[in-house]
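Student: Given the sequences, and given the hints that come with them, work out the whole structure.
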Amino acid sequence: MTATEADTAERLLIEAAQKDPARFAEIYENNFHRVYAYIARRVGNRDIAEDLTSDVFHKALAGLPRFEWRGVPFGAWLIRVASNAIIDRAKRAAKETDIASVDEPSEPSPQMMEEIDQRAQLFKLVDQLPLDQRRVIVLRFSEEKSIREVALDLRRTEGAVKQLQFRALQNLRAQLRKESGDTNG
Amino acid sequence: MANGSLVEQLDAAVEAILANRELPLPGVNSRIAPQVRIAAELRDLPRADFKARLKADLERRAAMTAKAPTQFREGFHTITPYLIVNEAAGLIDFVKQAFGAQELFRTTGTAGGIHAEVKIGDSMVMLGGGGAWRGTPTPTGIHLYVEDADAVYERALQAGGVSLYGPVDQPYGDREASVKDLSGNHWYIATHKGASHVPEGLRTVTPFLHPRGAPQLIDFLKQAFGAEEQSRFQSPDGVIHHATVKIGDSMIEMGEAHGPAQPMPTTFYLYVDDVDEWYRRAIEAGATSKGEPTDQPYGDRVGGVADPFENTWYLGTPIKNAST
Chain A
1 MTATEADTAE
11 RLLIEAAQKD
21 PARFAEIYEN
31 NFHRVYAYIA
41 RRVGNRDIAE
51 DLTSDVFHKA
61 LAGLPRFEWR
71 GVPFGAWLIR
81 VASNAIIDRA
91 KRAAKETDIA
101 SVDEPSEPSP
111 QMMEEIDQRA
121 QLFKLVDQLP
131 LDQRRVIVLR
141 FSEEKSIREV
151 ALDLRRTEGA
161 VKQLQFRALQ
171 NLRAQLRKES
181 GDTNG
Chain B
1 MANGSLVEQL
11 DAAVEAILAN
21 RELPLPGVNS
31 RIAPQVRIAA
41 ELRDLPRADF
51 KARLKADLER
61 RAAMTAKAPT
71 QFREGFHTIT
81 PYLIVNEAAG
91 LIDFVKQAFG
101 AQELFRTTGT
111 AGGIHAEVKI
121 GDSMVMLGGG
131 GAWRGTPTPT
141 GIHLYVEDAD
151 AVYERALQAG
161 GVSLYGPVDQ
171 PYGDREASVK
181 DLSGNHWYIA
191 THKGASHVPE
201 GLRTVTPFLH
211 PRGAPQLIDF
221 LKQAFGAEEQ
231 SRFQSPDGVI
241 HHATVKIGDS
251 MIEMGEAHGP
261 AQPMPTTFYL
271 YVDDVDEWYR
281 RAIEAGATSK
291 GEPTDQPYGD
301 RVGGVADPFE
311 NTWYLGTPIK
321 NAST
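Chains A and B are the protein sequences, given in the same order.
In case it helps, this note's numbering puts the first sequence at residues 1 to 185.
In case it helps, this note's numbering puts the second sequence at residues 1 to 324.
Hints were generated in silico from the structure; no laboratory data involved.
The model shown is predicted, which means the values in this text are computed figures rather than measured ones.
In this text, a Cβ means the ideal position worked out from N, Cα and C, and glycines have one as well.
Please note: incorrect hints may appear among the correct ones.
Partial pick of chain A residues on the chain B-facing surface, computed with a CB cut under 7 Å [stated by the list, open to error]: (1) Y28; (2) F123; (3) K162; (4) L172.
Tutor: Here you go:
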């Protein structure tokens, strides 16, 4: 799909969701990883990232009827909403701890957005891993469990879990290379 | 075994990456260096159930948004405050005289009390009680936006209201006065100084609560009724002075109980798309049942719950084949 075709598809989806909010689920699926990756990178805390991601999508759903297409893709609008939510939270935290001012993060640079897109792509690829490998990656990285705990959860030996982790990371690397069209290394 | 040692080396690197985000990536065999960089990115991988939970929540919310505007009885929005008092007839007279309310409906309920529905500006208010009814009144705090707060305040006093405070210019941009009627309802009569005398997002009537534990009430409303927090103004010690939450197409305002502003457990009539589903959800969120959903002769299927703050919520869905 070309960029123009993708824009048109997104625009049609937004218009459909404005008439039928049930279609918002598709917008969510298309944008979840990107918004989460952006927020997680900015705040570096999983609980806060979940709260803010939830806020952003609730605001997006509530604001959908008023969203007007003015050349800015919906995804970029979501990132702006996320950026504002991060700033608001930082200001609130600063007030609560009596800090005089908050450094407001600037708009994300194109380079940062490229990194965020790559990370979102990586998170999507985790969903496509074989089940055993996926479970190891999720338990290890999302739940931050030790090899021993993962082994107990999955009823596998620690050695087997390390092998699965190894293969999963190898797989992810291969998929990322494939998607970026890189064959060199 | 060479591969075995790479497996161990990669795991040691993952362990180091997970233990401390601040440290630079550990040095490893170049064959696994890209995997280590991927592992570092995966530290922000969302929890497995979070994406699904949020999606389910948004879908419920979307379903409520989709059906809210078309499904209710004409003139009603998602939330209608239900003022239940001992002197219902007197209260109806008061709101007519003081606020120009239009009486649209009045009947005698099965418990012998009045049930009435009045329209004030663009908002519906239910009034109940009086007659042979014997129960616990639930007078309510109401934020009432009018064109001329000073004049309406005077009319409310002439109609028998008691002044809580006279008209003042508030720092948040409203001219505001407050009156307590003879049934104990508190009316915050305000004129917004802006493009309209009603602030954007509000209507003529908005219920105003003073709970003890506003953050917990907000959490409950989110969980039970899919409420969305619109604003929160709180002091450094975490006390909420003013917050607004939206349920469906309607707002509730609140501020933590303080001084003379003490909790007034309130009764609400809440129109929902599926009373049985929302009743179940409210109970799961910690509400107690006041009556399971049943079809009522007036055309709504209604269930009742009390929240942990003693507010009563009648959840109603129009029965599809009922004559109107």
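Student: A closest beta-carbon separation below 7 Å is what the hint needs, so does F123(A) meet it against chain B?
Tutor: Where the cut-off is 7 Å and the nearest Cβ of chain B is about 6 Å from F123(A), the hint holds.
Student: Identify whether the interface hint at L172(A) stands, where standing means a beta carbon of chain B within less than 7 Å of its own.
Tutor: holds (5 Å)
Student: With a cut-off of 7 Å on the beta carbons, see whether Y28(A) makes it to chain B.
Tutor: holds (6 Å)
Student: Going by Cβ atoms only, is K162(A) closer than 7 Å to chain B?
Tutor: holds (5 Å)
The earlier numbered hints are all upheld by this structure, with none contradicted.
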